[in-house]
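Novice: One-letter residues, chain by chain:
Number of protein chains: 2
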Amino acid sequence: MKAVILAAGFGTRMSAQTPKSLVKVAGREIIYRTMKILSDYVDEFIVVVGKNGKKIDNFLKDKDFNYRIIRNPNPERGNGYSFYLTKDVSGDRFILVMGDHIYEEEFIKRAVKGEGLIGDRNPAYVDLEESTKVRCKDGRIEDIGKKLEEFDFVDTGFFILSKDIYEHAESIVREKEVVELSEIVKKAKIPVTELSGYFWMDVDTIDDLKKARKFIVRSSVKGFGDGFVAKHFNRRISLRLSELLVDHLTPNQMTVISFLSGILSSLTLFFSIPLAGIAYQLSSIIDGCDGEIARASLRKSKLGEYADSMLDRYVDFIFLVVLGYVSNLSIYFWMILVFAIFGSVMISYSTEKYKAAFSESAYGAIPSLKYLIGKRDERIFVIMIFCLASLIESLILILAIWTNIRVLAILLIVYKNKKGI
Amino acid sequence: MKAVILAAGFGTRMSAQTPKSLVKVAGREIIYRTMKILSDYVDEFIVVVGKNGKKIDNFLKDKDFNYRIIRNPNPERGNGYSFYLTKDVSGDRFILVMGDHIYEEEFIKRAVKGEGLIGDRNPAYVDLEESTKVRCKDGRIEDIGKKLEEFDFVDTGFFILSKDIYEHAESIVREKEVVELSEIVKKAKIPVTELSGYFWMDVDTIDDLKKARKFIVRSSVKGFGDGFVAKHFNRRISLRLSELLVDHLTPNQMTVISFLSGILSSLTLFFSIPLAGIAYQLSSIIDGCDGEIARASLRKSKLGEYADSMLDRYVDFIFLVVLGYVSNLSIYFWMILVFAIFGSVMISYSTEKYKAAFSESAYGAIPSLKYLIGKRDERIFVIMIFCLASLIESLILILAIWTNIRVLAILLIVYKNKKGI
Chain A
3 MKAVILAAGF
13 GTRMSAQTPK
23 SLVKVAGREI
33 IYRTMKILSD
43 YVDEFIVVVG
53 KNGKKIDNFL
63 KDKDFNYRII
73 RNPNPERGNG
83 YSFYLTKDVS
93 GDRFILVMGD
103 HIYEEEFIKR
113 AVKGEGLIGD
123 RNPAYVDLEE
133 STKVRCKDGR
143 IEDIGKKLEE
153 FDFVDTGFFI
163 LSKDIYEHAE
173 SIVREKEVVE
183 LSEIVKKAKI
193 PVTELSGYFW
203 MDVDTIDDLK
213 KARKFIVRSS
223 VKGFGDGFVA
233 KHFNRRISLR
243 LSELLVDHLT
253 PNQMTVISFL
263 SGILSSLTLF
273 FSIPLAGIAY
283 QLSSIIDGCD
293 GEIARASLRK
303 SKLGEYADSM
313 LDRYVDFIFL
323 VVLGYVSNLS
333 IYFWMILVFA
343 IFGSVMISYS
353 TEKYKAAFSE
363 SAYGAIPSLK
373 YLIGKRDERI
383 FVIMIFCLAS
393 LIESLILILA
403 IWTNIRVLAI
413 LLIVYKNKKG
423 I
Chain B
3 MKAVILAAGF
13 GTRMSAQTPK
23 SLVKVAGREI
33 IYRTMKILSD
43 YVDEFIVVVG
53 KNGKKIDNFL
63 KDKDFNYRII
73 RNPNPERGNG
83 YSFYLTKDVS
93 GDRFILVMGD
103 HIYEEEFIKR
113 AVKGEGLIGD
123 RNPAYVDLEE
133 STKVRCKDGR
143 IEDIGKKLEE
153 FDFVDTGFFI
163 LSKDIYEHAE
173 SIVREKEVVE
183 LSEIVKKAKI
193 PVTELSGYFW
203 MDVDTIDDLK
213 KARKFIVRSS
223 VKGFGDGFVA
233 KHFNRRISLR
243 LSELLVDHLT
253 PNQMTVISFL
263 SGILSSLTLF
273 FSIPLAGIAY
283 QLSSIIDGCD
293 GEIARASLRK
303 SKLGEYADSM
313 LDRYVDFIFL
323 VVLGYVSNLS
333 IYFWMILVFA
343 IFGSVMISYS
353 TEKYKAAFSE
363 SAYGAIPSLK
373 YLIGKRDERI
383 FVIMIFCLAS
393 LIESLILILA
403 IWTNIRVLAI
413 LLIVYKNKKG
423 I
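As you go down the protein sequences, you meet chains A and B in turn. According to this note's numbering, the first sequence is numbered sequentially starting from 3. According to this note's numbering, the second sequence is numbered sequentially starting from 3.
Chain A extracted, bound-state conformation:
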């Protein structure tokens, strides 16, 4: 299937120079987001550009999309005219999408299975005044426009169309100078598919941009793996931080910062154990940002995930070793510290080895694992509490027992689960 993207519109209220489809939202250009998500379903993109077309072409050149550019020499003739220009290349059945709209992944996944105009009965993120409304009759468009008093859906700017719509487009283009897409789809009486409850919006102002960024960053938290502390405390802060940083830092830069903040917290131990506890907890919060930024800016990388998780193990190890060193532990507590350190690594090992062996996430496949406390965020929080109370020997004893019991519990739960007991 091919996808036609209309990106011939003029500049935006935010900037006259940048085509709207090249505005960055949460670290990625709007058109890149749409194309990236669509690329699982589409084999060729047809991008219609206007006077800023060169910029769009330059932008797409080094990306990994199969696309062709169609230049609209008269963008002032409206988006219906832009669409009409694709008539010979779009194929029998194709996607049509606005280059300046932003959609969440789930929206697009479902929309590509629809037919005709994709309509939202109750859009949560758009200004209803400004949006194009649709009234239906027998499942097809009866009327469409910004000023409709009675309407069933709001036009999401996403369509699944078939070739015959170009006949209607042609007859209007012959008659009129300025042609809106809405006139064409109304004349063709295309069907309407409802798709409500997903995020999509038309980004027009700085406020829209912030709203979109906020939504995208907030929905970037992955489903499982977060412990109690991460879920109810760390994420609240890290998400706000990621919102501030997503347009400025890459996920890899964020991983390095998070690693350095972890090492810094270990160094702080030489000056003050309570302060170091707080710094360690802060680094645990910061550690959430690289993943959030990676997912929000569609920059998730396996290498990033790998490096992040290796560095986390080193941060945890170094903190405990330095903590032991500065606390003048007796030899017996060094023996116990060995168990605490081993248990901490083994918690991660037990779930990563699970994924390596079974090719599925342990937390995803075995929901009861979620209720075992002892994930990194929880351990670090407890370490902070004991550092604040200066109860280092108790901390080490607790960690040694807690982490190793948790690992044995994982082994037992995995065994029971896989044996179906």
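Do not rely on the hints blindly, as some may be mistaken.
The list treats identical chains as one, so a pair stands whether inside a single copy or across any two.
[What the hints assert, rightly or not] BS3-like, lysine-lysine: derived pairs with alpha carbons at most 27 Å apart:
{"hint": "1", "residue 1": "LYS213", "residue 2": "LYS165"}
{"hint": "2", "residue 1": "LYS65", "residue 2": "LYS418"}
{"hint": "3", "residue 1": "LYS178", "residue 2": "LYS191"}
{"hint": "4", "residue 1": "LYS65", "residue 2": "LYS111"}
{"hint": "5", "residue 1": "LYS372", "residue 2": "LYS53"}
{"hint": "6", "residue 1": "LYS420", "residue 2": "LYS135"}
{"hint": "7", "residue 1": "LYS224", "residue 2": "LYS135"}
In short, the hints are calculated from the structure, not lab data. Please read all numbers here as calculations on a predicted model, not as lab measurements.
We have chain A; now place chain B onto it with these hints.
Specialist: Frame of chain A; chain B shown alone:
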């Protein structure tokens, strides 16, 4: 595609009661092996049985194969007659295979892509005197029999046939009382596909059985992940051990034995460090057997792999902790031991996390990782040497540096490899 398996033959020279297809080779019945490997290509098995049919049916009942049994009431009429009985159920194109032949996986993988009789030009494992030879002309059978003086191939007992062969079968069955399959394929002049160099054999005597078991166990070593010591020393012993044990122990029992032998070596430390070093190295050898037995007896399980690798980490950890304890280490050496223990786990973590993140084996994907010494077999061997020399503090220092450098090297190599530097 369906597969016809001829298993109506009488008992064997080894046992009159057991049908030959139910003889166990390396822990698995011959017919199970063939069906298990074929099940990737076959949607239904048609098993022709004779007077021992009930046993075969009982055996297959609780296995996970889609099969039907066809009873040959006159098995003395020969395997050609058995074959003829499948004429209405085998479909247009089907596999025909002898139920008493054993084939390695690679043989079957290639044979299913062939056409007609699968012939081996130079079979390495069968008695040429006893085997059925084939002479070809223009790629088709010209003559076939045990006594052929001039021949091109040996008949492997594996065929890819089409429906029209049953016409030839029928005409012979009408004429004669005893019908050999070789007469039918000769009359039908079926094509011959060469497939040489793979293991297959007809198991007839105790010696054949041993030969087959030996081959299967020896080829059960997985490609990568073995260090220098495992490759050149441990495997030589563990494979012999597995040959002895494969018919008697399950892989899981072997994992438990290997774990206990590891724990035992740690306990030995309380009596003699040099002796414990040797015991640890022995447990490292035994640790190879569970995987070998699992692969040889087609009992590979993800849960087994998971449990084995978790237990290995505990064995390694406990040995080093007890070694530290019985050596009366100073507090400084306990600090160093912490690094040695952490580094040892992290070597495994670094490759398992790799597999979890990239969904491929690290050693398979990045061959240069092979040359980094420090795999478990190599570490244990070095530990034994230092235990024998009673140089525990040097050992701990070396392990602390060696393992952590290796982990950093892995991190670096993975980074370079994934970034294409």
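Novice: Look at each hint and say if it fits the structure.
Specialist: Hint check results:
In the homo-oligomer, the alpha carbons of LYS213 and LYS165 never lie at most 27 Å apart, since the shortest distance is 36 Å inside one protomer and 67 Å across protomers. In the homo-oligomer, the alpha carbons of LYS65 and LYS418 lie at most 27 Å apart only across protomers (22 Å), although the nearest pairing inside one protomer, at 47 Å, exceeds that limit. Proximity of LYS178 to LYS191 under the C-alpha cut-off of 27 Å is restricted to the intra-copy arrangement: shortest distance 19 Å within a copy versus 75 Å between copies. Taking the shortest alpha-carbon separations for LYS65 and LYS111, only the intra-copy value of 21 Å comes in at or below 27 Å, while the best inter-copy value is 40 Å.
Taking the shortest alpha-carbon separations for LYS372 and LYS53, neither the intra-copy value of 54 Å nor the inter-copy value of 56 Å comes in at or below 27 Å. Taking the shortest Cα distances, LYS420 and LYS135 never come within 27 Å of each other, neither inside one copy (52 Å) nor across copies (48 Å). For the homomeric pair LYS224 and LYS135, neither the shortest alpha-carbon distance inside one copy (34 Å) nor that between copies (63 Å) is at most 27 Å.
Comparing the model with each earlier hint shows violations of hints 1, 5, 6 and 7; every other hint is respected.
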